[in-house]
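Novice: These are the residues of each chain, in order.
2 protein chains.
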Amino acid sequence: MLSAILAYAALPSLAHADALPSWNDGANKTRIVRFVEDVTDPASRNFVPPAERIAVFDNDGTLQTEQPMYFQLAFVFDRARALAPQRPEWKTTEPFKSVLEGNLARVAASGDHGLVALVGATQGDATPEAFSKVVSDWLATARHPRFKRPSTELTFAPMEEWMAYLRANGFKTFLISGGGIEFLHVFSERVDGVPPEQVVGSYVKMKYELRNGRPVIVRQPDIDFIDDKAGKPVGIDRFSGRRPILACGNSDGDFEMLEYGTSGPGPPRALIVHQDDAAREYACDRQSPVGALGRGLDGAPQRGRAVVSRKDDWRTIYD
Amino acid sequence: MLSAILAYAALPSLAHADALPSWNDGANKTRIVRFVEDVTDPASRNFVPPAERIAVFDNDGTLQTEQPMYFQLAFVFDRARALAPQRPEWKTTEPFKSVLEGNLARVAASGDHGLVALVGATQGDATPEAFSKVVSDWLATARHPRFKRPSTELTFAPMEEWMAYLRANGFKTFLISGGGIEFLHVFSERVDGVPPEQVVGSYVKMKYELRNGRPVIVRQPDIDFIDDKAGKPVGIDRFSGRRPILACGNSDGDFEMLEYGTSGPGPPRALIVHQDDAAREYACDRQSPVGALGRGLDGAPQRGRAVVSRKDDWRTIYD
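Going down the list, the protein sequences come from chains L and F. Heads up: the first sequence begins at 79 in our numbering, then just goes up one per residue. Heads up: the second sequence begins at 79 in our numbering, then just goes up one per residue.
These are computed hints drawn from the structure, not numbers from a lab. A portion of the hints provided could be inaccurate.
Restricting the straight-line Cα-Cα distance to at most 25 Å, the calculated cross-link-like pairs of lysine-lysine (DSS-like) are [stated by the list, open to error]:
| hint | chain 1 | residue 1 | chain 2 | residue 2 |
| --- | --- | --- | --- | --- |
| 1 | F | K226 | L | K283 |
| 2 | F | K389 | L | K285 |
| 3 | F | K226 | L | K307 |
| 4 | L | K226 | L | K389 |
| 5 | F | K307 | L | K285 |
| 6 | L | K211 | L | K226 |
| 7 | L | K283 | F | K211 |
| 8 | F | K285 | F | K211 |
| 9 | L | K283 | F | K283 |
| 10 | F | K226 | F | K389 |
| 11 | L | K307 | L | K226 |
| 12 | L | K211 | L | K307 |
| 13 | L | K307 | L | K283 |
| 14 | F | K211 | F | K307 |
| 15 | F | K226 | F | K211 |
| 16 | F | K285 | L | K307 |
| 17 | F | K283 | F | K307 |
Bear in mind that the values here come from a model prediction, so they are computed numbers and not experimental data.
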C-alpha cells in the first residue's frame, strides 16, 4: 500500500497519461504530459495563459498518412482524370500528361508553374460551396491504394488523442498545411476537431461577383499564398495572431515552422513525428519524393526538437 | 396575475431581452432576439447548428466610433508625426506632407498608392511582436479629440452586449475590418471578446528570416490584401471558412459583406448601424469623407437589411 502511494507520488503525470492510451510509455509520452502540466500550472514559472496556448500541427504525414502521395494531390489526380474526357489536349500537355499517366516524379518536377496550371484547371471557377461539394463527394469514394480506406480515416490515433488532450487543457490546436485551405475546411472540424478558423493552408486568389443576382465568391486560377516552408510562420502569424508554444511536423516543409515554434519566450517545444514504421505505415525520410525529412533531423535535440518514433512511441497507428 | 401570465406568454423574448439592457425596446431589439431564438431552436425550420452560427461585424463605426478619422489612420498620423524628425524630407513629400499638416482629405486623395507609402514608412520592417508593442504604447496614450478617451473605450455598449449575447447562444463573432489585421490583434480579444483567429483585416506581405540567429517574421512595405468592399467576403471565406448568417456594418465599405451575409440558405440577416446621433456621437452618412453610407441605405429593407438607429435604438452609447 505504502509503495503504491509512493509510486503514485513519484509519477504525478500518470493520472493525465490516461488521456494518451495510444502512446507507449517512454520519454516522448512523458515529455508531452510534463509540458502540458508545466505550462498550465499557475505556480510554474513557465505558466502560459490559455489565450496564448497555441499549438500548431502540420497535416499531411503528421496527422494522417501522406504516402504514397499528398492527400490533396490524390484529389487533384483523380479530378484531372475525371475531367480529362472533356480536355483531350491534356494527353499531350504537361503537367496533365504526367498526371494522367500517374507519373508523380514528373508532376513534381513541373514545380510551382505546373501546380498553378493543375489547380487552375481542376479547381478554378468554383464557388467555395461548389468546391466543397466536389471535395466531399471525392472523400466519400476515394480509397487509399494500400489501406483501402478513405484518407480521412487514416489519421493517427496518437495525434488525435494528443490534440484532444491539449484542447482539454485550454490549448487551441491549429492545423498548418501546404494543402489548400478550402480543401482542409471540408473535413478539419469533423476529422481533427479543428474548426475552420484554426486552419491555415495555401490559397488561391478569390473574386467577389454577382451570379444570377446572387453574391458569390469565385476561385481564380492564380495561387495567392503557399503555406509551406518559410510560408508557414507567416501563415501562423496571419491566422492565429500569436507565436505558437508547441509545433509539430514530420517533413522539411515544416522546418521553419518548427524553428519558429521553438524561439518564443517561455518553454517552447517542437516535435518531429518520424515516418519510421514500414510495417504498420511507411518508413522514409531523407530520400523520399514526398515529405522528405533531412534538415529537421540534423541536430534536432540541440535545436529543441524532439523526434517521435512511430514505431516505438505509438501503440496504435489508426483507430 | 392572469394578465401577467398572458403578457409573459405573448412576449417570450422578454426573458432573453435582459441580455441587451443598452437597447431600447422596439422593432430592432425584437428582431435581434427573435433571430437568435429562431436559429437556436432545434424545432425551428431555420435551426442552424452551432458550428455554422457565424456572425460578422465591421469594426470602425460599427463597434466603435470612427469619426473624425478611422482608428488606425489616427495611429498612422501619430506615428508619422513621431517619426518625422528623422525624416525631414516628409515636409515636402506627399502623402507625408498632408499627414503632418493634418489634411485628411488630401491624404485620402492619395489613394492606395499613398496608403502603401504610409504603411511602409510608418509600420514596415517590424516583427509582429515589435509592431504590437508600438500599437499598445500608442493605445495607452492616444485620446479621441472630442471625447478625450482612448479609442478602445469608445466601443458601443449595445454592440458589445449583442456580440456577448450571440456568443452565449453558440455563435462565433468575427471582426471584419479594413484596418490592419495585426493592428486589430492587439486589442480585439481584450476589447471585443474576439480572439485573434476570428479577426479578419487587411495585411501586408511578411517575410520569414533569421535575425541574430533567431527566427522572426518581418513586415514588408507592400500591401498584400485589402479587406474592404469586395475584399470582405473573400476575407470572410478565407478566415472563417463559412458564409455568415448574420452581418453587421455601418458604411458602404461593408456593402458587399452585407449582401454576402443575406444570400445564404436559411434566415440570413444583415443590419446597418446608422450613424445618426449627433448629440451623443456623430451623425453623417452619404456625404461623409469617412465611413460614407449611401448604397447600403438604398432599398435596405427590400434587400433584407435592417437599419438600426443609434439615436432611437440605443439607450446607452458607451459604457
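Novice: Which of the stated hints cannot be reconciled with the structure, identified by number in ascending sequence?
Specialist: Hints 1, 2, 3, 7, 11, 12, 14 contradicted; others consistent.
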